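Chains as they are written, first to last, in the working numbering: chain A, 3 to 245; chain B, 3 to 245.
Simulated from the structure, these hints should not be mistaken for laboratory data.
Incorrect hints may have been included.
The list cannot tell twin chains apart, which means a pair is met if one copy fits it or any two copies do.
With a Cα cut of at most 20 angstroms, we get these calculated SDA-like pairs of lysine to any residue [said to hold, decoys possible]:
(1) 84 - 47
(2) 224 - 206
(3) 224 - 210
(4) 84 - 229
(5) 224 - 212
(6) 224 - 214
(7) 84 - 53
(8) 224 - 213
(9) 84 - 61
(10) 224 - 99
Quantities reported herein were computed from a predicted structural model and do not represent experimental measurements.
The chain contents come next:
2 protein chains.
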Amino acid sequence: MRFTSTTSHDGVTEHLFTLGEIPGVLWTPDDAAGPRPLILMGHGGGQHKQAPGIVAHARRFAAEGGFAVVAADAPHHGERPKGEDFGRVLAGLRAGMAAGGDNGGPLAAMHEFLSERSVPEWRAVLDAVQELDFVGAGPVGYWGLSMGCGLGVPFVAAEPRVRAAVLGLLGVHGLAEAAARVTVPVRFLLQWDDDLVPREQGLALFDALATAGKTLHANRGKHGEVPAFETDSSLRFLTRHLG
Amino acid sequence: MRFTSTTSHDGVTEHLFTLGEIPGVLWTPDDAAGPRPLILMGHGGGQHKQAPGIVAHARRFAAEGGFAVVAADAPHHGERPKGEDFGRVLAGLRAGMAAGGDNGGPLAAMHEFLSERSVPEWRAVLDAVQELDFVGAGPVGYWGLSMGCGLGVPFVAAEPRVRAAVLGLLGVHGLAEAAARVTVPVRFLLQWDDDLVPREQGLALFDALATAGKTLHANRGKHGEVPAFETDSSLRFLTRHLG
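Kindly generate the complete structure, drawing on both the sequences and the hints.
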């Protein structure tokens, strides 16, 4: 793990790093010392580790919750090279979206393609970050919506260090089997008027999660219109389970 | 409005009153002076104004939020006489529940029967309570689940003084038209494994609410198993909209 830049702003220190071929960013409260709970944040499709929604959440989680927060560019996203194989899967998804109708199948194919790499990558990032003396091997949470949920469900299902997760904005296509292995508390966000994910598909993914401690928060609005107060709510949820 | 008893416990004063034939209870912070936001609480079917769930919520809303909180026995509930006409409607509901299947129709008939009286009664209680100098004509919220939702939806739809409402644990039967006139912010609670209200019926009632500012919170568990953390969440919701 190699740190390439460290900057501080408004009480939060942002550490850019690379781990092998994975570019990542770690946020901590300024002058963080000793172990603290950690949140892994998975960005959305076509986005990257410093997408505005990621940065805004991460800075609040660090500043207000005292968390360490880490995000990484998903395979074929952000600063990472986009392979030809990814191009073919993406073209399939775009063709499906252009044709209209339920794009759950092509979306699931995309996430399945990516998660074969992203799940072991998250484990490697988690291993490396937990080695840092200002993070340590404390409780771990995961936050990821849309593609961050599609790559997050198989990761949370596979990684026993994750103790709580904020997921959502995605349907059940391709995820039912992994969801049935998620047993940690989950906060699931659903947009009632989601223009990308059919409502029934989102409800079905919530339903498929095995955990008893799951809560669905549904708000009006389209895919990208999650209300700001859900950030406060996610912070409280993660603090309750990891704090 | 006639006060019949006033007692104080743990920082909250409980005032029992009667307004005409309506027995009610008003909770305020001890030594409350001057106007404050008001929450009306509608109890569940077969319950009454001092059912444990009502009292527990009301005391927290008063102690932690500084609210005035009022509950009243619904028609044919609590200390009030049960009329023969009510007996017939109740027998119809019980027969439907014993027969199994969707009891949404008989439940809606019961709530429609009761709300013809409860809606004007809530208005009379609101008029009277707002005359008190330690309550005043400030912002008003409504909290009611199950039957408290069935009687609450037509009340909130009809009463412009209500600015926010916590509703839920009920389906759309008989309420679609009133729900389409609810335009204030709503927090809607749904139990994912509700043994009295079919999930689809509850989702349909949430869907029918006209307001843009509505949020659904769905938790696992049966009808009576709303998690305790939803009380904190309701208090924050009501404080945000009325505080």
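Hints, one by one, checked against the model:
| no. | hint | in the structure |
| --- | --- | --- |
| 1 | 84 - 47 | within (13 angstroms within a copy, 60 angstroms between copies) |
| 2 | 224 - 206 | both (18 angstroms within a copy, 18 angstroms between copies) |
| 3 | 224 - 210 | between (23 angstroms within a copy, 17 angstroms between copies) |
| 4 | 84 - 229 | neither (32 angstroms within a copy, 45 angstroms between copies) |
| 5 | 224 - 212 | between (27 angstroms within a copy, 16 angstroms between copies) |
| 6 | 224 - 214 | between (28 angstroms within a copy, 12 angstroms between copies) |
| 7 | 84 - 53 | within (18 angstroms within a copy, 61 angstroms between copies) |
| 8 | 224 - 213 | between (27 angstroms within a copy, 15 angstroms between copies) |
| 9 | 84 - 61 | neither (28 angstroms within a copy, 58 angstroms between copies) |
| 10 | 224 - 99 | within (16 angstroms within a copy, 38 angstroms between copies) |
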